[in-house]
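Enquirer: Okay, here's what each chain looks like letter by letter:
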Amino acid sequence: MSLLELTDVTRSVRLPDDRLLHILQGVTVAVDAGEHVAIVGRSGTGKSTLLNILGLLDAPTSGQYLLEGVPIGKLSNGDRTRRRGRDFGFVFQQFNLLPGRTALENVCAPLLYARGRQFWSRTRLAAEMLERVGLGDRVDTMPDKLSGGEQQRVAIARALVRGPRVILADEPTGALDVDTGGEVMDLLDEIASQTGAALVTITHDLAVASRAERQFRLAEGVLVPISLDTSSEWVGDVPLVADRSSHTERRLPDALVSVDDSELHA
Amino acid sequence: MTGVVGAIVEAWGELRIHKLRVLLALIGVACAVTAITGVTALVSMLNQAFTEQTERQSGRSVTLNVNAWPRDAGAAAPAGWDEAFERTLERYDITYASRNEWTQALVRFPDGTRATQVQAVDADLGTINRIVPEQGRWFTDADESALAPTLVVNEAFLHAYGLTDLSSRPIVALGDRSPVTASVIGVLHDDWPGAEPSAYVLYEQFHRWIGPDGSGAQSGGSGPTTADPMMPVQVPTMFLWVPADRSAAIGESIARDLQADAPGWQVEVMDNAFDDGGLDKATTWVGIGVGGFALLLGGLGLVNIALVTVRYRIREIGIRRSFGATSGRVFFGVLLESVVATVVAGLVGVVLAVAIIKNIPVERVFGGGIQDMPPFPFSAALVGMAAAVAVGALAGLIPATFAVRVKVIDAIRY
Numbered sequence: 008m009s010l011l012e013l014t015d016v017t018r019s020v021r022l023p024d025d026r027l028l029h030i031l032q033g034v035t036v037a038v039d040a041g042e043h044v045a046i047v048g049r050s051g052t053g054k055s056t057l058l059n060i061l062g063l064l065d066a067p068t069s070g071q072y073l074l075e076g077v078p079i080g081k082l083s084n085g086d087r088t089r090r091r092g093r094d095f096g097f098v099f100q101q102f103n104l105l106p107g108r109t110a111l112e113n114v115c116a117p118l119l120y121a122r123g124r125q126f127w128s129r130t131r132l133a134a135e136m137l138e139r140v141g142l143g144d145r146v147d148t149m150p151d152k153l154s155g156g157e158q159q160r161v162a163i164a165r166a167l168v169r170g171p172r173v174i175l176a177d178e179p180t181g182a183l184d185v186d187t188g189g190e191v192m193d194l195l196d197e198i199a200s201q202t203g204a205a206l207v208t209i210t211h212d213l214a215v216a217s218r219a220e221r222q223f224r225l226a227e228g229v230l231v232p233i234s235l236d237t238s239s240e241w242v243g244d245v246p247l248v249a250d251r252s253s254h255t256e257r258r259l260p261d262a263l264v265s266v267d268d269s270e271l272h273a
Numbered sequence: 114m115t116g117v118v119g120a121i122v123e124a125w126g127e128l129r130i131h132k133l134r135v136l137l138a139l140i141g142v143a144c145a146v147t148a149i150t151g152v153t154a155l156v157s158m159l160n161q162a163f164t165e166q167t168e169r170q171s172g173r174s175v176t177l178n179v180n181a182w183p184r185d186a187g188a189a190a191p192a193g194w195d196e197a198f199e200r201t202l203e204r205y206d207i208t209y210a211s212r213n214e215w216t217q218a219l220v221r222f223p224d225g226t227r228a229t230q231v232q233a234v235d236a237d238l239g240t241i242n243r244i245v246p247e248q249g250r251w252f253t254d255a256d257e258s259a260l261a262p263t264l265v266v267n268e269a270f271l272h273a274y275g276l277t278d279l280s281s282r283p284i285v286a287l288g289d290r291s292p293v294t295a296s297v298i299g300v301l302h303d304d305w306p307g308a309e310p311s312a313y314v315l316y317e318q319f320h321r322w323i324g325p326d327g328s329g330a331q332s333g334g335s336g337p338t339t340a341d342p343m344m345p346v347q348v349p350t351m352f353l354w355v356p357a358d359r360s361a362a363i364g365e366s367i368a369r370d371l372q373a374d375a376p377g378w379q380v381e382v383m384d385n386a387f388d389d390g391g392l393d394k395a396t397t398w399v400g401i402g403v404g405g406f407a408l409l410l411g412g413l414g415l416v417n418i419a420l421v422t423v424r425y426r427i428r429e430i431g432i433r434r435s436f437g438a439t440s441g442r443v444f445f446g447v448l449l450e451s452v453v454a455t456v457v458a459g460l461v462g463v464v465l466a467v468a469i470i471k472n473i474p475v476e477r478v479f480g481g482g483i484q485d486m487p488p489f490p491f492s493a494a495l496v497g498m499a500a501a502v503a504v505g506a507l508a509g510l511i512p513a514t515f516a517v518r519v520k521v522i523d524a525i526r527y
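Protein sequences appear in the order of chains A and B.
When we follow this note's numbering, the leftmost residue of the first sequence carries the number 8, and every step to the right adds one.
When we follow this note's numbering, the leftmost residue of the second sequence carries the number 114, and every step to the right adds one.
Just so you know, the hints here were simulated from the structure itself, not pulled from any lab data.
Do not rely on the hints blindly, as some may be mistaken.
Keeping only pairs whose Cα atoms sit at most 25 Å apart, straight-line, the calculated DSS-like set for lysine-lysine is [claimed, not checked]:
1. Lys-394(B) with Lys-471(B)
2. Lys-471(B) with Lys-81(A)
3. Lys-471(B) with Lys-152(A)
Chain B is faced by these chain A residues, among others (derived, beta-carbon under 7 Å) [said to hold, decoys possible]:
4. Pro-23
5. Asp-65
6. Pro-117
Treat the numbers as computed from the prediction; the structure is a model and nothing was measured.
Built from N, CA and C at the ideal position, the CB exists for glycine as well.
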């Protein structure tokens, strides 16, 4: 039994002019515990929508989503929310640290929704997690005093502090320079493999995607498995953008864009 | 358990982060609670001052006033009136009682002997009428067995001796035929400017040392007196402090008993029960009105700032939802922020009210001062706190509803 299993999942939204926009179409994918999966695709192809569905932040329009064999559609809102807090850790592109709170308080924040030992030991657990991501000396620092890489480390510590089964990383290196992005991904990979958590990374950076054991491409709402050879100039039948420096982000061509952000979130 | 503690911790964290806006919003609430609590306390002090003022005139509530007078001019004085007084106290278990006899005594002032108004009373009158001497002290039971009479005089009496205080332990001579010396042990304020000298003396001492005609004839014993043979015979009035709930029944019984002891006399028992409910209610409503209006203003400010803050915090709410915060928890959290804030403001308000009330110059504000200072009205503090919590809950309701309606994905991307 897979940890996450989507079968023929669709997601549609009704636009102001009453047309239906199909963001995801027939998505079928399974992710096992401890596995690292990357989903690539240009902006607006539905990557974040897929991630939101995986992370129980959004619900499919049709299809089935099984979490450890349990159909998510049968869970109440409260149960979904509690499972989200317990089983998923989110890493966002823009870090999304809580302003006005120290690094320690940010990492403590998810533990406020935990129960038992995790709740009562939240400060210690948060400090340990910060230590683990190399920020043991910055626990009392405000986010605006941290560098981008440090902020993302805090965000990773926060995502991992409850010991999630799945880490969902939405463009985790999108706001970082290449070197820092590499370090952050090293950290994510390392901690995910140490904790046995599945890591689902959404990115349009092929260097980031290539770290995963399996890669998928999302184009026009359709998810297809790809074999990503970093030395190749092609992703399946689509050519990569010209820059092939090993430390330079390689972008997918515009041909893969189905809808833009403004349409998605109208 | 962890949910509630977590929500409180979260709410406190929010307040800590947004200190300034919380402070601004809560000043109004704190002032309102101060107003409600303080005004209620002031009202209670005002009522007490009014009650004490009234009781200085007519005795504590309820004091029965027992008067007797002859039905015809030739009626003989009732025998054993003083014994009847003692029997009444014993039968009805009355702790505080006093006889009161308005009479005159001849006092040898430096400028000559003058007939001076004297009230012969029992020591309990000090308690019943809340008598607090300006200088010295009021009578005690021990004074009754003293070997010389003691006096509590008014300022005019003292001034007539050229004195302003009791430091010289003044002794005055009473009577002309057989004068006795009396110690002045206390001085009372004059009832009005230009008051004539007057004095209180203990009833038993008066009859033992001074005599019914105030001459100092040492008549010995007590009983019905007459200072002037031409005046009709009279008996002292009795003041009996009885429980309010039984005053009417006791009054009727006493009237019946004493009537039997005084054939040919008319005995009447009146009480001094008064209803100050009107003042109480009016002042209470003024307090509630002032406090309520202040709370309304404070609450509106709080709603306004809370709404602005929630809009500002949409992304944060979305992020918390991604941590597993249920909509109920988000609602409760935002609501609790408001409630925790107003509870803090309420506490500040109550402390402020206590500080103000404890530092009020009572003598200046309430004239004669307050003998039995009413305790700080904790009920008012509780009402103030409850009002603060209610305002906090109401003020938090709108932003909390708004926060719950925020879509998680939109909020994260906000």
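Enquirer: For every hint, state whether the structure bears it out.
Expert: Verification of the supplied hints:
1. Lys-394(B) with Lys-471(B): Answer holds: Lys-394(B) to Lys-471(B) is near 23 Å, not above 25 Å.
2. Lys-471(B) with Lys-81(A): Roughly 63 Å between the alpha carbons, so the hint for Lys-471(B) and Lys-81(A) is violated.
3. Lys-471(B) with Lys-152(A): violated, 48 Å
4. Pro-23: violated, 16 Å
5. Asp-65: Because about 6 Å separates Asp-65(A) from the closest Cβ in chain B, which is inside the 7 Å limit, the hint holds.
6. Pro-117: holds, 4 Å
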